[in-house]
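Chains as they are written, first to last, in this note's numbering: chain H, 793 to 1176; chain W, 793 to 1176.
Rather than coming from a laboratory, the hints here were simulated on the basis of the structure.
It is possible that part of the hints are untrue.
Treat identical chains as interchangeable: a pair holds within one or across any two.
[As the list claims (entries may be wrong)] Simulated pairs of lysine-lysine, BS3-like, Cα-Cα distance not exceeding 25 Å:
(1) Lys799 x Lys920
(2) Lys820 x Lys916
(3) Lys1170 x Lys1132
(4) Lys1119 x Lys916
(5) Lys948 x Lys1152
(6) Lys1145 x Lys1170
(7) Lys920 x Lys820
(8) Lys803 x Lys920
There are 2 protein chains.
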Amino acid sequence: MNNFTFKCPTKVVFGKNSVEQLPTLLPKDAKILLFYGGGSIKRNGVYDAVIKELKGHKFVEFSGIEPNPKYETCMQAVKLIKDENVDFILSVGGGSALDAAKFIAAAAVLEAGDPWEEIIIKAKPITKTLPVGDVITLPATGSEMNGISVISHKEKGLKFAWSSELAYPVFSIIDPTYTFSLPQRQTTNGIVDTFAHIMEQYCTYDVDTPVQDGFCLSVIKTIVKEGPKVLANPQDYNARANIFWAATCGLNGWCGVGVIQDWASHGIGHELSAIYGLDHGQSLAVVLPAVLEYCVKEKAQKLALLGREVFALEGDELDVAKRTVDKIKEFFLSIEAQIKLSDFGVDKNDAAKQISERFKERGTVLGERANIDAKATKEILLSC
Amino acid sequence: MNNFTFKCPTKVVFGKNSVEQLPTLLPKDAKILLFYGGGSIKRNGVYDAVIKELKGHKFVEFSGIEPNPKYETCMQAVKLIKDENVDFILSVGGGSALDAAKFIAAAAVLEAGDPWEEIIIKAKPITKTLPVGDVITLPATGSEMNGISVISHKEKGLKFAWSSELAYPVFSIIDPTYTFSLPQRQTTNGIVDTFAHIMEQYCTYDVDTPVQDGFCLSVIKTIVKEGPKVLANPQDYNARANIFWAATCGLNGWCGVGVIQDWASHGIGHELSAIYGLDHGQSLAVVLPAVLEYCVKEKAQKLALLGREVFALEGDELDVAKRTVDKIKEFFLSIEAQIKLSDFGVDKNDAAKQISERFKERGTVLGERANIDAKATKEILLSC
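Use the sequences and the hints to build the structure in full.
As structure tokens, then:
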């Protein structure tokens, strides 16, 4: 096991009617920014439930933060925070709203410089943020229990992740009933995202970490079993709860401490979102299998273990590893994900050229063995 | 899955030479109480390593806290804290020292009343504590990442657990190399304790929690595989690291959120420690298999899953469940645990009589179905 440091101070309140605990979680005299995206939180009832619990609190609203949240929109919220002397941000919605909330919490109290440059590009350690709490309604990013945030810059056509020890939510409320009304596309995206998070942490080379490997396989087994259930019956509470908890555990650090991590699929996927506007989950459904295929020999041990434990495959290691990638593609197709660039009208030659040129220019090298360079990225995208 | 609330704010620093990070973790101007047990921390080098990192800090020492830490000894430390105006407690050693540190951290700032009565017997919610950090050197209790503390009252012959959201360590440093020199008895006790912690959380009835069940089985698989390795080669770093991380994960809440829990074995085991002085791990090696045997029908589903996944057993559920209990006994014996009361010179008739009388008097009822009453406890102990 590698040395590691771990801390996740977020309080999680999980289950039916957990929004009712909001009054005990919010600081008494805070001026709150109620921060959300489009109208879905008004359709699924969570907006009304939150408003009811905000009785007695001073609050202002900011709506309209988009999927793949934009820097430009975030800066409008920062202005509102300053104008209204907000001192607590309550994000209601999915990981995009929460990622944006984390960014504006840091940007609003940044002492000098441009927030995009200072927080994301220079990635300077942040020294303070406003506190953020959330009611998370989409099982996908794991943002509800980590200090990670992904922000896009519309004008520059860029999408990057940043993170900070200070960016963890103070609390996260998870009521799986609010996922009953998710469109199939978002349910599917969330399952693919969770699958990919685990693979980025698990599917590298072994440094003797059986506890963590078992945790990873438990999350994978759960989503492979429960994923089809939520698609078949969107109101299956138990399945929705298991999918949500799997998503949260998929990126709260529990599965990834002390192991070798990858993150090449996310690195390439973010470019597909930035250039062609693919949903995050859509980009991963395309890129992850291609990366696994490209690296199948060096990832054979972990792939084979997964294939044996999750898909009951038998045979020699490399053979099982290859068939495991096929099984992952089959699983993605079974939950109605699309796994080819052409499914999204994207020309693979154009993607391969543009993204490999970006990586060349930036000197980007990805993967746990630092061997996914511009050339490898081109090959991977040409196979998508 | 049941509704749950989870928060564990402890920062974990894990790995070789992690004690070197102590200066970055300790508050700059704090007066520190260096709190430890007997001489083992001087023999294994951790005392010297800690003293080196305390350079520049004001500190006083309190040594002599015993295994099954006593209230009476704790109160001596409380006096020292008050006399010396200590404002940070650094526990160095095993779970007993840390449990005691948590208790004195609460007792030292208790505003009124007797700490045993207020904190443990009346279990009033604590409103403040001194901060506690630790260098934990024994993989067993999981105390390094939870808010639980177990204290014994020598005069009254009692042993009870208490817990608080405020009792979590601020940080826990885990360097598995300090476990190389553990006596076999302590290594064995720690493995049994971890096994029992998981069983108390896992082996009840199913409320559809596949993520958590998989986490539990991962910890069990790890200790079944790595336990014999550390006994055969005490200086096997990887095995020691895996055993330690399994112990920490065994009781940090990750395996137990949203599930039905038991804790009957611990409830009975604490009495054996209080009356006959058995080590905590020793008491569990005796009681856990007996409780599982007594409840084999109602625990059959989870026992059988464990038997299939960990011990590769096959057959119908109840049959596999019964053979799983046998396998657990075999495993305990294989790591040199003793599983009969007579191994410790304790008369089972005496234990059954004394403990069932205590439970009758207190109205104690244990187990996930609240069916382990005084009578059941008597039967269980007569089978030990």
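Could you tell me which of the numbered hints above are not met by this structure, giving the numbers in increasing order? 4
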